[in-house]
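**Q** Kindly generate the complete structure, drawing on both the sequences and the hints.
There are 2 protein chains.
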Amino acid sequence: MSAAIIDGKKIAEDIRREVKEAVLRLKAKKGIVPGLAFILVGEEPASQSYVRSKGKACDELGFYSVTEKVDVSIPEGKVLSMIDGFNRDPKIHGILVQLPLPKHINEQKVFEAILPKKDVDGFHPINIGRMMTGAETFYPCTPAGIWELLKRSNINPSGKHVVVVGRSNIVGKPIANILMQKREWCNAIVTIAHTAAPDLSYYTRQADILIAAIGKAHAITSSMVQPGVVVIDVGINRVVDRTTKTGYRIVGDVDFDAVKEVAGAITPVPGGVGPMTIAMLMMNTLKSAQRA
Amino acid sequence: MSAAIIDGKKIAEDIRREVKEAVLRLKAKKGIVPGLAFILVGEEPASQSYVRSKGKACDELGFYSVTEKVDVSIPEGKVLSMIDGFNRDPKIHGILVQLPLPKHINEQKVFEAILPKKDVDGFHPINIGRMMTGAETFYPCTPAGIWELLKRSNINPSGKHVVVVGRSNIVGKPIANILMQKREWCNAIVTIAHTAAPDLSYYTRQADILIAAIGKAHAITSSMVQPGVVVIDVGINRVVDRTTKTGYRIVGDVDFDAVKEVAGAITPVPGGVGPMTIAMLMMNTLKSAQRA
Numbered sequence: 000m001s002a003a004i005i006d007g008k009k010i011a012e013d014i015r016r017e018v019k020e021a022v023l024r025l026k027a028k029k030g031i032v033p034g035l036a037f038i039l040v041g042e043e044p045a046s047q048s049y050v051r052s053k054g055k056a057c058d059e060l061g062f063y064s065v066t067e068k069v070d071v072s073i074p075e076g077k078v079l080s081m082i083d084g085f086n087r088d089p090k091i092h093g094i095l096v097q098l099p100l101p102k103h104i105n106e107q108k109v110f111e112a113i114l115p116k117k118d119v120d121g122f123h124p125i126n127i128g129r130m131m132t133g134a135e136t137f138y139p140c141t142p143a144g145i146w147e148l149l150k151r152s153n154i155n156p157s158g159k160h161v162v163v164v165g166r167s168n169i170v171g172k173p174i175a176n177i178l179m180q181k182r183e184w185c186n187a188i189v190t191i192a193h194t195a196a197p198d199l200s201y202y203t204r205q206a207d208i209l210i211a212a213i214g215k216a217h218a219i220t221s222s223m224v225q226p227g228v229v230v231i232d233v234g235i236n237r238v239v240d241r242t243t244k245t246g247y248r249i250v251g252d253v254d255f256d257a258v259k260e261v262a263g264a265i266t267p268v269p270g271g272v273g274p275m276t277i278a279m280l281m282m283n284t285l286k287s288a289q290r291a
Numbered sequence: 000m001s002a003a004i005i006d007g008k009k010i011a012e013d014i015r016r017e018v019k020e021a022v023l024r025l026k027a028k029k030g031i032v033p034g035l036a037f038i039l040v041g042e043e044p045a046s047q048s049y050v051r052s053k054g055k056a057c058d059e060l061g062f063y064s065v066t067e068k069v070d071v072s073i074p075e076g077k078v079l080s081m082i083d084g085f086n087r088d089p090k091i092h093g094i095l096v097q098l099p100l101p102k103h104i105n106e107q108k109v110f111e112a113i114l115p116k117k118d119v120d121g122f123h124p125i126n127i128g129r130m131m132t133g134a135e136t137f138y139p140c141t142p143a144g145i146w147e148l149l150k151r152s153n154i155n156p157s158g159k160h161v162v163v164v165g166r167s168n169i170v171g172k173p174i175a176n177i178l179m180q181k182r183e184w185c186n187a188i189v190t191i192a193h194t195a196a197p198d199l200s201y202y203t204r205q206a207d208i209l210i211a212a213i214g215k216a217h218a219i220t221s222s223m224v225q226p227g228v229v230v231i232d233v234g235i236n237r238v239v240d241r242t243t244k245t246g247y248r249i250v251g252d253v254d255f256d257a258v259k260e261v262a263g264a265i266t267p268v269p270g271g272v273g274p275m276t277i278a279m280l281m282m283n284t285l286k287s288a289q290r291a
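As they're listed, the protein sequences go chains F and G.
The numbers in numbering that gives the first Met the number 0 rise by one with no breaks, and the one at position 174 of the first sequence is 173.
The numbers in numbering that gives the first Met the number 0 rise by one with no breaks, and the one at position 118 of the second sequence is 117.
Don't take every hint at face value.
When chains are identical, the list treats them as one kind, so a pair holds in a single copy or across two.
Straight-line C-alpha distance at most 30 angstroms; calculated DSSO-like pairs for lysine-lysine [said to hold, decoys possible]:
id : residue 1 : residue 2
1  : K286      : K102
2  : K181      : K68
3  : K116      : K77
4  : K181      : K102
The hints are simulated quantities; they were obtained by calculation from the structure and are not laboratory data.
**A** Following this line, the structure appears as structure tokens:
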């Protein structure tokens, strides 16, 4: 039997519609328009494309947005003072510095320069710390999107074994820390596995919910999961495909075609976690504006 | 065969001796004496005893220390302004507010009032966030003590399955976050299990290293572990014992007598993790003074 497909595109559209309506209410009630500032350093095509998509989402959902595109050689201090300007700007409720940054700019310094209450990416260590302790805060957008996908698909992690593969600061570690919390729609027993495991499948085969955030095409095969598992695929990998115009296509970390025959539910790539990330960014920015 | 006993008391004494020598060097070289401020709210006997032990450690190791004992009815604002005073005091390198606090004082506010660089307890969310991302920071004393016990016992968690039972903000969550990091003496595959698990032993039996931070006497029995496991017992539980003068004795979360016959190595209670906590507090305060 084939797995249920978790339609991230549709769920993200639902969220975007909800956010759009909330923006109208916020504007009518308090005269506040959520504002999001983007800082884009350099001309990396993927980064440009991400910022473009986020800007488009702002337009569609009725947000105010500003994009500062600056040269890759910009000194760190200049980026910090741009952040400071947005920190002081009452029209701006969220500040997003597109990653990756060039080597001469210290990422950690940049994260810590953003006012925690405008840190809609959830990368400021104070917000990460609050997340870990279970306090109210902005969750980083990709793990927030995974959590929302589970909730809206009525998949409750409570008491279940969640296995997270990958321990990045923006996906693996935060989703592990969220799902282990003692609260509704969390409360999971969480294993965080990674490349240091002598046999990764020993862990993945135990998963009731498997979250793959590895960054390697088709790293999770059908023999690595148990029947009925819920699979959340965070990977976005390019593989060569001569049949397409571009010469490549995007695949996840999971061998979708094979794993969907074993799993109970699975997210596709594209159209799974991806669209949720932007939706959650908009949600975080809306929340920030509502609190302003 | 009986497990090797990990002698936390001896290891803690080694650390205290090392810290004492470093204090002498710091004083000779830069004229700096590490200073630790304690705030003790109310008269809870356990809290008084903890603060007394920490104060004694300060005396023995050549630290300067101040203890502010205040009435349980003290307003929150007064505690915050005491913290502010210590934040500004150049003789003070570490500030410790003894827990638990009375209900009318917001713990989170107290943690966030302490300057991160004087937060030697490692409870400020910014330090917790830095810990999660793998940045340099103060680790909370009990997980730091567990890590140090492993290192000094030459037990390398890298590639091993560490199972943490319990998800408190001061032990379970931080030790999980430390040991999953991609760095030396970490790099473990970490499972964080807790009361929501339908069958806790399913997880504990997988552990190469089992960290019990449950808060329940003898919760881990010999049938719940695999042969050769390293057991770190964080529990401090009182059980009735009519043969003692006090009428009780202190036991851990692990059924020591039975589990030591199965385990490869085990920490006793008392004399395991307990003494390490104060040793690491002193180490954190020394580091803070060295950076001052």
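**Q** Provide an ascending list of the numbers of those earlier hints which the structure does not satisfy.
**A** 2
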